[in-house]
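Undergrad: For reference, the chains in residue letters:
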Amino acid sequence: MGSALVFADVNFAEGAGVQILKSLIIFAVVLQIVPIILMADRKVMGRMQSRYGPNRVGPYGSMQPIADVLKLLSKEQFTPRSAVPWMMALAPMISITAAVATIAIIPFGDRGMWGGDVGLYGIDVSIGILYAFAFGALSFYGPLLGGWSSGSKYSFLGSMRAAAQLISFEVAMGLSLLGVIMSAGTLSLVGIVDQQAGMWFVVPQIVGFIVFVVAGFAETNRVPFDLPEAESELVQGYLTEYGGMRFGTYFMAEYVNIITISALVTTLFLGGWHGPGPDALGPLWVILKMFAVLFLFVWVRATMPRLRYDQLMSLGWKVLLPLATLNALVTAILVVVT
Amino acid sequence: MPEFPWTPGEDLLEVQRAPEAGGAASTYRAFSATLRGLRTTFARLATEKPQTYQYPEEKTPVYPRFRGRHKLHKFEDTGLEKCVGCSLCAAACPAECIRVVAAENEPGHQVSAGERYAAVYEINMSRCIFCGYCELACPFDAITMGNDYELSDYERGDLIFTKEMLLADAIEKTPLRREGE
Chain A
0 MGSALVFADV
10 NFAEGAGVQI
20 LKSLIIFAVV
30 LQIVPIILMA
40 DRKVMGRMQS
50 RYGPNRVGPY
60 GSMQPIADVL
70 KLLSKEQFTP
80 RSAVPWMMAL
90 APMISITAAV
100 ATIAIIPFGD
110 RGMWGGDVGL
120 YGIDVSIGIL
130 YAFAFGALSF
140 YGPLLGGWSS
150 GSKYSFLGSM
160 RAAAQLISFE
170 VAMGLSLLGV
180 IMSAGTLSLV
190 GIVDQQAGMW
200 FVVPQIVGFI
210 VFVVAGFAET
220 NRVPFDLPEA
230 ESELVQGYLT
240 EYGGMRFGTY
250 FMAEYVNIIT
260 ISALVTTLFL
270 GGWHGPGPDA
280 LGPLWVILKM
290 FAVLFLFVWV
300 RATMPRLRYD
310 QLMSLGWKVL
320 LPLATLNALV
330 TAILVVVT
Chain B
0 MPEFPWTPGE
10 DLLEVQRAPE
20 AGGAASTYRA
30 FSATLRGLRT
40 TFARLATEKP
50 QTYQYPEEKT
60 PVYPRFRGRH
70 KLHKFEDTGL
80 EKCVGCSLCA
90 AACPAECIRV
100 VAAENEPGHQ
110 VSAGERYAAV
120 YEINMSRCIF
130 CGYCELACPF
140 DAITMGNDYE
150 LSDYERGDLI
160 FTKEMLLADA
170 IEKTPLRREG
180 E
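Residue numbers (numbering that gives the first Met the number 0), protein chains in the order written: chain A, 0 to 337; chain B, 0 to 180.
Only chain A is shown next, with the shape it has when bound in the complex:
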């Protein structure tokens, strides 16, 4: 790639036409998971609580997400008098953009898996994980700006919590991946999946896996770490003043974030496209593993009560961070010795 337009090293990229087509397909497919997981969230959680969940709209309630979105579209997007209107409108957009951007680097299959010289991923950037973390960090601005610009105490408290929580868990999350990066010797997600042909990283990096998943729950503001929107104490946190499709955008960003985290877990720890059967089944394996992780998200949501704020902080700084550091140290020693 001799072009001056390349900002970062790219391991492999096709022509522009294929790129555009690929990105369209990836986003079309991955964004379809949002209504599925939305539905599964409510249905599975309902069953875990011995109730049905939504079952009125369409067969088995399958049209519920569409009904919800139509309802949100028809609602007013109210702006309080004390708000900063343009910032309030911008914040959900930042949230969704940052959430969606990470999907571009998730590998669903290797180069040439479905014939041709086409990689089954958006783009294989050599900085892989850093890209994911960059957009993960950027997505903080969504809750932060949204809560602050709403001009409401509840929103402000929620965004304060969101900022503190996301920053503390981002540290543990990054450190938990050091082990994987050192074992794989590359930052590229495609390279990392390639390295897992023999053994998935979940086995040697079990500590890193657990820390990453727990931190992932915190990153996506899911129960038991949903303090930023804690409805029983903060009304709805940074979402309090939001209505209509702005709220819908936040909501969607949250679910896209969950999908992104599950895709990252799949890629980094669960062997990505590796699985029994012919190579061409790779993307199917990725999707299946993603759904397994998504199920874990729902399962935990139905199980855990919300943590207290100080418990959350001490879990992040006193448990996860030392564990991740220890994991990175031990891995480093093992990598050097062997």
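What the hints contain is simulated information worked out from the structure, not anything from laboratory work.
Yeah, the Cβ is synthetic: ideal placement off N, Cα and C, and Gly gets one too.
There's no promise every hint is true.
Claimed, not checked - Label pairs and their in silico Cβ distance ranges: (1) B:A32 with A:A136: 26 to 34 Å; (2) B:A23 with A:L280: 41 to 49 Å; (3) B:A32 with A:G57: 48 to 56 Å; (4) B:Y52 with A:L137: 46 to 54 Å; (5) A:G57 with B:Y148: 28 to 36 Å; (6) A:M198 with B:A23: 38 to 46 Å; (7) B:Y153 with A:L72: 25 to 33 Å.
Guided by the hints, dock chain B onto chain A, whose structure is given.
TA: Quick look at chain B alone, frame taken from chain A:
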């Protein structure tokens, strides 16, 4: 009972407290408790059917003594109304939601079994508190509490039940619970 002279603290029981938080043991306990919780929810998912009543299609059954919408009764053999318009129910009603206007039974126009009958018998269901005092006050068992609980309507005026409405059966029968259910 503590005996006298009583020394404070003598009758104190040993209080069981949760283990101290923090440390490796606490972490282990928290972890195992988490796993147990996950098992519990998964068992609900795998083994238990939803306990929900699918309401509009499937009504919640009530106990036979449930106090729902009132009923006025007729004698089964003669078809005459039991109510004689004595207004005892209206007197007993704490919410004052019953209105009775009595009239004399004329020969050839026999409505009730007694001398008089209720020309107007209205219960304002939006005021009724379903205490059942009317049922207790009635000397002829002419008014009883039924089992129907679906009483909502679009107009307040429609909630004033007339004698004809109270004499008629409910359109949909409310399911009853069996004894001991």
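Undergrad: Now look at each hint and say whether the structure bears it out.
TA: Taking the hints in turn, this is what the structure says about them:
| no. | hint | in the structure |
| --- | --- | --- |
| 1 | B:A32 with A:A136: 26 to 34 Å | holds (33 Å) |
| 2 | B:A23 with A:L280: 41 to 49 Å | holds (43 Å) |
| 3 | B:A32 with A:G57: 48 to 56 Å | violated (39 Å) |
| 4 | B:Y52 with A:L137: 46 to 54 Å | holds (47 Å) |
| 5 | A:G57 with B:Y148: 28 to 36 Å | holds (30 Å) |
| 6 | A:M198 with B:A23: 38 to 46 Å | violated (29 Å) |
| 7 | B:Y153 with A:L72: 25 to 33 Å | holds (29 Å) |
Checked against the numbered hints listed earlier, the structure breaks hints 3 and 6; every other hint is satisfied.
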